[in-house]
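K.L.:
Okay, here's what each chain looks like letter by letter:
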Amino acid sequence: MWDADQRPVIKFSDEQEQLLGVATNFARDKFPLDRARKRIAASEDLDRSVWEEMVSLGWLGIAIPEEFGGSGLGLAEVVTVVEPLGRHLAGTPLVSTTLVAQAILVAGTPAQKGVWLPKICQGAIAALALVEPHGDWNLKHLTVQARPEGDRLVLSGIKTFVTDALSAELVLVSVALANAQALVLLDKAALGAAVIEREVVIDETRRSYRIKFDGVSVATTNLLQPSLSAAALKQIDEAACLLLSAEMCGGASGVIDTVVDYLKTRKQFGRLIGSYQALKHPVVDALLMLDAARSHLYYAAGIFGDPIEGELAVRMAKALAGDALTFASDRAIQFHGGFGFTYDCDAQLYRRRAIWCEAQHGDAAHQRRKLADMMLDLQT
Amino acid sequence: MWDADQRPVIKFSDEQEQLLGVATNFARDKFPLDRARKRIAASEDLDRSVWEEMVSLGWLGIAIPEEFGGSGLGLAEVVTVVEPLGRHLAGTPLVSTTLVAQAILVAGTPAQKGVWLPKICQGAIAALALVEPHGDWNLKHLTVQARPEGDRLVLSGIKTFVTDALSAELVLVSVALANAQALVLLDKAALGAAVIEREVVIDETRRSYRIKFDGVSVATTNLLQPSLSAAALKQIDEAACLLLSAEMCGGASGVIDTVVDYLKTRKQFGRLIGSYQALKHPVVDALLMLDAARSHLYYAAGIFGDPIEGELAVRMAKALAGDALTFASDRAIQFHGGFGFTYDCDAQLYRRRAIWCEAQHGDAAHQRRKLADMMLDLQT
Amino acid sequence: MSPDKQDLDAFRREVRAWFEKNRPADPGFLLPQSFMEVGTDEQFYFLRDWQRKVYDAGYLGMAWPKEYGGGGKSQTLQDIATREMVRQKVPFMTNTIGLNWAGPLILNMGSEDQKNAYIKGILNAEDIWCQGFSEPDNGSDLGNAQLRAEPDGKEFVLNGSKIWTSLGKHAKYMILLARTNLAATNKYEGLSFFLIPMKIAGIDVVPIRKLTGEFGFNQTFFADARISESCLIGQEGGGWQVAMATLAFERGAVGGQAGGHSMMSKEVSEVVRLARAAQRNGHPAIEDPVIRDRLVQLIMEERSLALNSARARIKPLVAERPGSIDMSSKLAGSEYQRRLNQFALSLQGANAAYYVGDKNAYERGQWQRSYFNSFSATIGGGTSEIQHNIIGERVLGLPKS
Amino acid sequence: MSPDKQDLDAFRREVRAWFEKNRPADPGFLLPQSFMEVGTDEQFYFLRDWQRKVYDAGYLGMAWPKEYGGGGKSQTLQDIATREMVRQKVPFMTNTIGLNWAGPLILNMGSEDQKNAYIKGILNAEDIWCQGFSEPDNGSDLGNAQLRAEPDGKEFVLNGSKIWTSLGKHAKYMILLARTNLAATNKYEGLSFFLIPMKIAGIDVVPIRKLTGEFGFNQTFFADARISESCLIGQEGGGWQVAMATLAFERGAVGGQAGGHSMMSKEVSEVVRLARAAQRNGHPAIEDPVIRDRLVQLIMEERSLALNSARARIKPLVAERPGSIDMSSKLAGSEYQRRLNQFALSLQGANAAYYVGDKNAYERGQWQRSYFNSFSATIGGGTSEIQHNIIGERVLGLPKS
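Residue numbers (our numbering), protein chains in the order written: chain H, 24 to 403; chain E, 24 to 403; chain Z, 60 to 460; chain S, 60 to 460.
Just chain H, same shape as in the assembly (with noise of 0.2 Å):
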């Protein structure tokens, strides 16, 4: 989008004020972050009455269409709750229940709509199942199969990185079909034939499953429209590109803040520590980069959607924050000294959702590889 003058503009709704309002109170009451170091050691994988008062706020309809039973917006006002959640590492199913009905939304059958557009609404959680154990962020890369016999599809092979899959009603698992990709529907009773194990990732405020899908049959009617499977795939990685964006510069906003914090009370030599230009400006160099990333981010929301645009902004934004949020984590450990070696110091968990991020749909190096083939072989 672009004025008059030819100069970029950021889309900014009222519903997008609105909501970065609200998200940004609700964020700092319920996640301090000792809370997400309790959430760490907690045996249940979902805060049920913190998930129950997200769905009451409408966040989980917030991009679905009212006659879904959501609020008929779109994911730049998503963006707006991401953020300052990403901001105090909550570790929700925001993020993958969103692009579970991003999914539907692109390529579900009417039928499939009308079940779990409304359900999702009032919370059911959803989980996504894209990754296989190559680790490849080409997400045709695939390996788990689906064979028809009769009416029914016969899945076999393994996902990894299926967050909160033991929490979710609904998990979307990408397959290859006849050779092509697809997308299936899977539910709890589906499910239940799976082999569900957790895994020990590095962001510990995640829940993680690898499923093993061998022997796990559904009916034909759970597959997503065949003809706009790539078309949801190219939703779901755009979309999880742009939330990711705002997750991440919520962390690089929460991490600077930690690491300011510490600059300006602990001494050394005689000194505050914050004196030194040696930390000192590395931390606005954080800030530069941090800067940078949130305005790509409500640029890449403001235009989420537009054929090519759209599609450059996102990555952009999700290459600038993983490298703000690197950085900045990196950084803030180092500049703790020896508390920042110490579990009890807050810059390791953004070091680890830092990295964990960058592992989700293509760290800051693959994106600038999609950008250049698509930037730079059109003469201009």
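One thing to keep in mind: the hints can contain errors.
[Unchecked claim] If you only want the chain Z side, here are some residues facing chain H, beta carbon under 8 Å, derived:
| no. | residue |
| --- | --- |
| 1 | T135 |
| 2 | I139 |
| 3 | G451 |
Just so you know, these hints were derived from the structure itself, not from any lab.
Values in this document were obtained by computation on a predicted structure and should not be read as measured data.
Note that CB positions come from ideal geometry on N, CA and C, so glycine has one too.
Put chains E, Z and S on the given structure of chain H with help from the hints.
P.N.:
This is chains E, Z and S only, laid out in the frame that chain H set:
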């Protein structure tokens, strides 16, 4: 070269030690930086008296066998002379003359060796005509043509960045001859028919020329042995990488001293500016880059000519020395503040030298690309 | 008063057409990118004529009062005209100090006489202005200015020196920060601000050669130069406040500038074009994935600058750390330019070693020159290192260094 | 005394064969990379047994005096054995503080009683040593140590706390820097150095959880712990000199260490292997030119560390700035490790998100862990920021910050 414990070993000869001492003193005495500035403005391309001193010290024959009037040492010993000269930004034809001698040693006919090598030892200046207007670093990308006519070759096309062409008694030209690369020796007489134009180049201590060869012809006896011309080009390229690294390591050391002197004496806001970490720490980083580059330089000097490891070593040395001088001189301009922005500040002289050396025989990125192809495609 | 959207669109079309039709032809020599780089007479007269032409067409000083030579129209129209100049990359307005510093200051706090005397000459480039702020020994420390303006009856006597006076040779007037009271308890209270004539006895302008080898800056020496007390603007002893107000105009932090762009930054699209032209192993450099990766980084960085400006206009999106984007834009922009230019140089392969003046230099050697000139922005107006301090202390609240 | 080349070659072959034959099998759990990372009992006992085995074979403490348990042979032989351990990447010697800090110190300035009491137990790992230098509030400022050792008759009474005591739980002894005189005019003169027993009343070792989630460091609390005056080493009030001497041993700046490697750094060759295994768009990551460029940079950087050591042995090649390489090796090495580990992580694509303990984690998640652990070297022993100061001031002669 590795020791019994498989640690790398730097070979350093007594002759290297001796030459390093002599050249360090010589460069300090003969090339104070105000002399470099005078050279820039001088009407003659060459300071004959200094050149004669260098010749009488035997420096032109260091890497030429005794049978041709040289010392029979190697390029490792030339490095110890070039490094101190680079420190003082001397702009002499030593390097280019040495490179031409190397090419003749590798691929010259007995007659060519017998004529030219003794002359070079006695101070005849030789120039290299390798680069073409396309600016590609691939020395095999040749548009200058040599067409046989009887027992003569008729040349056409343009070479650029021929340093000291007017002072040179000999120019070595790379040409395409019957679709293969070849090297031709042109003496002053043969050059008479060429159009020689002075170029405006960024390193003002250099005298550089563009030569248009259209209509120049030489006897075929001036051709270096065709079967060895690829080997000669390889020798030139690797020797150039080595000697340019030496020049750049010297330059990096010189510019670090220049900026350190300023940081120790200039005050702002009542403090010596060298006490600010924002200036001190990047200069330390430059020193670390120089230390690494210099270790690679002398390692590469010690194993020059080793079939694979030798090429790896010179390319690494050039990549690291280029980065070191580039970074050190760029920061030196910045850290001199307003004075750094003036022509009077020596930082710009080093920065120009850095750009010149990086433009010759491939910059750091180019060297890394070559190194990747040499190192990463073998299974290790 | 403010025009409606249709009027604005019509005006935009008119401006666009005018600049398309009237943009100057290639002068046959390399133009400077800002007034600080005007190094030759041919550059100066070319640029002065161009500013005059734009003013005569009515596209400069549009929002300045009609009675002094301005257009008396709305700022919105001027902004449209200015952005069109940026967009079409026409040459910049060379009387930069007059248009962006002195003019707004005079309109804001000058006397009626001063307004009548100075404003029109600023706009039509008849009267070139320069600035006298920095001194050789106090590069970054403006409050410590030592140039002496000693009161003597109805005159002040100037002694000392100012540095980095761009266009000093062509300037008719200077805005000057000088010390009128050595005894002031606070160093800031000893300063006064003047609008002084340059062509008087005792003022000597000596060119400074830049690292590019070219000229453009000067050092100005004052030896018993006498000026009238009417040159004073603001109170005697109130020079620091006037200087700060002037810098606020310069940064565009407050309105009031005459319009017209004053700096022609390099753009990444030009570097992409260069990457298509440069050769690597017989192929266009743009096919090299490492070069592509670097280009994408630069594209994103350039876009960041524009998007930061766009976000700064949306209050709720800058509420977390107010002022962060404004305060960091000089640092981010100038360091971006330095890196962009440096990369553009490296793309040229062996030809990176050409310099301005060689007929084979890529685009007349403009990249070599603009890389060197880029340091004027990372050093001048508070070095990048000082900008880091300012942001760390004012935005993040970190303790002083 | 020194053996001739043939003997050395024969010895090298013998050592090589011994380690090839006796290197421990994969224990089935992830081993630490240094004594600071020993977090579980199974790791500790495995490593203690291994050190004992190497000592029994005669390849540790080879140059220490025979009468106290050493081998009484030449340092050259020990160096060969040590380098072979590095080369074959066998597990490190876990009693690091004893072998590299306490042992050399006791041999250098300890009493006959102390040598008899301590040396053999250090070598056979019977007696584990830890160090008590850093304190919670004085991380980088050793001379400011506040732990109090109050003289009381023939005893000292210890009160205060030390931090980062590795192996504190397993340690029998500690080398301790403590303040014996609060009234000393100079803070350094109030310090004394002790060799103290750990298993006494009043000493409490509390594990610190590292950012990896694992253990390895401790905080040690002293509450009226009483030690005999015979624990003193060096003069009362001479603790700073003893501490500096100890750190010189630790850095390997002077000889006297028992040998055996104490740290298993990551190598770029392992990352190249990882790049062959990792997938990008269905291809090995090593085919990606941007990844290749980064790998080459890391290969060069790793080689720089080795070549710097080689050059440091050639006097004329370090004459220009003596001490530069020695003083910067900790900074260069530790920052290299951090970057290498971080890049190794990023190569793993989606699988970078696994952690130690997941069966699908690449190489048991060692890269995730070693990236986190790499901060112990960029923070501990003087942060990278402090190292920059030291090099700037001592090598380049820049003014203090």
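K.L.:
Please go over all the hints and tell whether each is borne out by the structure.
P.N.:
Outcome of the hint check:
1. At its closest, the beta carbon of T135/Z sits 11 Å from a beta carbon of chain H; the interface hint therefore is violated under the 8 Å criterion.
2. A least Cβ separation of about 7 Å between I139/Z and chain H falls short of the 8 Å threshold, and the interface hint therefore holds.
3. The closest approach between the C-beta of G451/Z and any C-beta of chain H is roughly 4 Å, which is under the 8 Å cut-off, so the hint is satisfied.
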